[in-house]
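Student: Protein sequence lines, in the order shown, are assigned to chains A and B. The first sequence begins at 30 in my numbering and counts up one residue at a time. The second sequence begins at 346 in my numbering and counts up one residue at a time.
These aren't lab readings, by the way, just hints derived from the structure by calculation. Hints may contain errors.
[Claimed, not checked] The following label-pair restraints were derived from C-beta to C-beta distances: (1) A/Gly217 to B/Val364: 35 to 43 Å; (2) A/Pro362 to B/Val364: 20 to 28 Å; (3) A/Gly177 to B/Ser407: 32 to 40 Å; (4) B/Val419 to A/Thr316: 54 to 62 Å.
[Claimed, not checked] Taking lysine to aspartate or glutamate and the EDC-like style, the derived pairs with C-alpha atoms no more than 16 Å apart in a straight line are: (5) A/Lys168 to A/Glu496; (6) B/Lys442 to B/Glu511; (7) A/Lys550 to A/Glu471; (8) A/Lys173 to A/Asp525; (9) A/Lys293 to A/Asp525; (10) A/Lys558 to A/Glu199; (11) A/Lys168 to A/Asp181; (12) A/Lys348 to B/Glu383; (13) A/Lys93 to B/Asp559; (14) A/Lys348 to B/Glu384; (15) A/Lys386 to A/Glu57; (16) A/Lys93 to B/Asp408; (17) A/Lys175 to A/Glu198; (18) A/Lys93 to B/Glu562; (19) A/Lys446 to A/Asp432; (20) A/Lys446 to B/Glu384; (21) A/Lys123 to B/Asp559; (22) A/Lys482 to A/Glu199; (23) A/Lys348 to A/Asp211; (24) A/Lys509 to A/Asp525; (25) A/Lys73 to A/Glu101; (26) A/Lys442 to A/Asp95; (27) A/Lys482 to A/Glu496; (28) A/Lys348 to B/Asp559; (29) A/Lys173 to A/Asp132; (30) A/Lys539 to A/Asp495; (31) A/Lys386 to A/Glu56; (32) A/Lys173 to A/Glu199; (33) A/Lys381 to A/Asp81; (34) A/Lys93 to B/Asp409; (35) A/Lys442 to B/Glu383; (36) B/Lys443 to B/Glu384; (37) A/Lys446 to B/Asp408.
[Unchecked claim] Covered stretches of chain A, going by a simulated chain B footprint (3 or more residues, C-beta under 8 Å): (38) 436-443; (39) 485-493.
Beta carbons are placed, not taken as given, at the ideal position from N, Cα and C, and that holds for glycine.
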Amino acid sequence: MKRIAASIVALSLLTACGSSPESTDLEENRAGAMESYTIGAQFKATAPITFDMLYSDHPNYAIKNDWLFWQELTKRTNITITPSVVPASDYNQKRSLVVSAGDAPFIIPKVYPPQETPFVASGAVLPVSDYLDLMPHFKDKIEKWKLGAQIDTLRQEDGKFYVLPGLHEEVWQDYSLAVRTDVLQELGLAAPRTWDELHTTLKAMKAKYPDSYPFSDRFAIPDPGGNLLNMIALAYGTTGGWGYHNETWDGQNFVLTGAMPQYKAMLTFLHTLVAEGLLDPESFTQTDDQAKAKLAAGKTLVISTNAQNLVNDYRPLLKDGATIAKIPFLAGPAGEVKGYTRLESGIMISAKARESKNFVALMQFVDWLFYSDAGQEFAKWGVEGVTYSKDATGTRILNPDVDFVGLNPSGTKHLQKDFGFSGGNFAYGGTTELLNSTFSTEEQAFQQGMSTKTSIPVPPPAPLTDEEREQATLWETPLKDYVTQQSLRFILGQRDLAEWDAYVAELNAKNGPAYIELVNKARTRFADKNK
Amino acid sequence: MVSRRIFHVVNGVILTAVVVVTLYPFLNIVARSFSTEEEILAGRVNIVPRGFDLTTYRLVMSDDLFWTNYRNTVVYTVTATIISIVLTTCYAYVLSKKHLRGRGLLIGIAVFTMFFSGGLIPNYVLVSGLGLRNTIWAVVLPNAINVFNLLVMKAFFESLPAELEEQAAVDGLGTYGTLLRIVLPLSKAVVATMVLFYAVAYWNSWFTAFLYLDRAELFPVTVYLRNLIAGATDATSTGSADTDVAQVAANIKAVTMVLTVVPILTVYPFVQRYFVSGVMLGAVKG
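So that you can see chain A by itself, here it is in the shape it has in the complex (with noise of 0.2 Å):
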């Protein structure tokens, strides 16, 4: 009886030796792989292989089967994608269901993280930190750039991550507001280059059209204040809108995001702002449609803005000689700061991947096509001679009869929607040249605006263990709601700034303390585990 319990041990023991240190033995994995690929090399598989992959279905280019982005993906790496089509409307939900199931094509792309982090605990997904050796552009991007405590904050309790980021070489901030510069050179202004400035010309606005509001923004929803809020709170030094987390790093600790003395100032100031009449209470509800419409009726002057909602949206509505333009990154009281991300959406790799013939030609090909110059080049620019060329000094030049971004406005054939580059399920990071290749000249001066910015520092990771996490979401949703909501009722007036510390005591009541607790706990933890 002893003997077959030692001999079950041991076994498992065995099996379990077998399982853990997958990453060394990839002897039978190499089907296909490349005996030697570096940095620089063309990736081609020495056999055809075909991957499947999840595709997110963009409703502006809907996939088509005859792209030259296909053909010549094959001709150049001898693989064929096999894509399962996902319209991007519901992307998500499909997203976890065939993960979930099992079911998983092996790349899935489009994972903003930490949207991988509820897979993680069931396996389904590859840790592909343990396999970076198997994709040397990745990793030269990483030391090159000064990505690695970037990478960190995608770390798991287990200390490995398991998304595979998009990389940028340069912080990008591609939202920003727009302003009517017709009516700033009617009122002898400049655009306003901080936050307190933009109050003053809003104020002269004001003076001019009193019966308007000056500014009404848009995407209220689903966040409200989404981009506004995210904007103005990097100024103030917290997070809010798009970019709220509960915690916010101050430098030496997580401390609860809603009851920061920054934060009170912030919505101090946007109060001030409704309370004079100047931002419209309804740019945090209203739909985009009805903020555009507003702006199209020269009701409003200032809006949130990209680079391309200004060229698709906003300037063709305007009529009779109005002009608007996108003003630089605003500075506040956190002085000229700019965000810190320099990650992206990215791919996760499903983990029955590593049980194929051809994991190592899979990684190859994920590290040359979303990680190589060449790989990003091609998602992005295609085929040189066909989409594009390239002039004396390398400056790519769409070819004449091909359009993207407006940039080619008489060609019949559109770089997205009839060669199937420059999508979003394969071309993302890279470099900043080769991220200004499509800007207009205009956005470039904006981005060239940003790179003077400094970036404020990276938070630690603070990664949760599975119990941590089940406790942290049943207090981090009523916790953000709450914040918005009253974040909310402070700008438009409903309820006064002065009860203030009854409000702290309310997020108090809601476990913020707690929260916050756990993540410094985490953090610490990590630091520890990781030294």
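For chain A, the structure is supplied; the task is to place chain B on it using the hints.
Tutor: Just chain B now, kept in the frame of chain A:
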């Protein structure tokens, strides 16, 4: 008499309000579909098109994928409705026979599914395991019997006089003969209702297709439409560093909606005939 007049007035007012509330959004969409985008965004379009414009119709109708998906919707709807009607009728007819042994159990099995379901993931695993994914069967077979419709039909069959069927049996008709020659011809009203219920439900449904189909050329037009309207909303909610957000023009949305809704709307007048005859059938017998 006065109270009756008051009733008519109040009734008229309420019903008119209902008509306005339901009809206005629809007319608004139709008007938008014929207007230019600038007019729509400027908020000037109500129920009369402004800046009359047909280019959007040409644009949407020139999209091959739209027509492929449209054809899929027609095929799925017709096939699924036929399957559903056949299965529901057979099941309901059986259940309507009080002398059937195990009838309670059969009803129980059906009703059970109204309250409990296997859940999304087990269903997905099942359909996947049966090899139905990326075939028309994944769309038309699950949910082929709607229990509510089944119970309505069962109640209708139960209300038919038993003497009729006894008479048929005396005249030498078997079970199937009775069903096909006596019961069904008397049940045109309920069958028409069921056809309408099922057809509209299948025409509008997108979720099953979304779950089990992985190729754009297999999607029904509802999935196409949903992607267009809902767009990649998630990208905006999660990240600021992503411009890959759908910006589909308002008039394209309107045109697609109109084109998708019109066929199913035109079905109503045809089915209406049977509603009326159904009502009269009851009246004569009563």
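Student: Any hints this thing doesn't respect? Which numbers, in order?
Tutor: Hint check: 1, 2, 3, 4, 5, 7, 8, 10, 20, 24, 27, 28, 29, 30, 35, 36, 38 and 39 fail, others pass.
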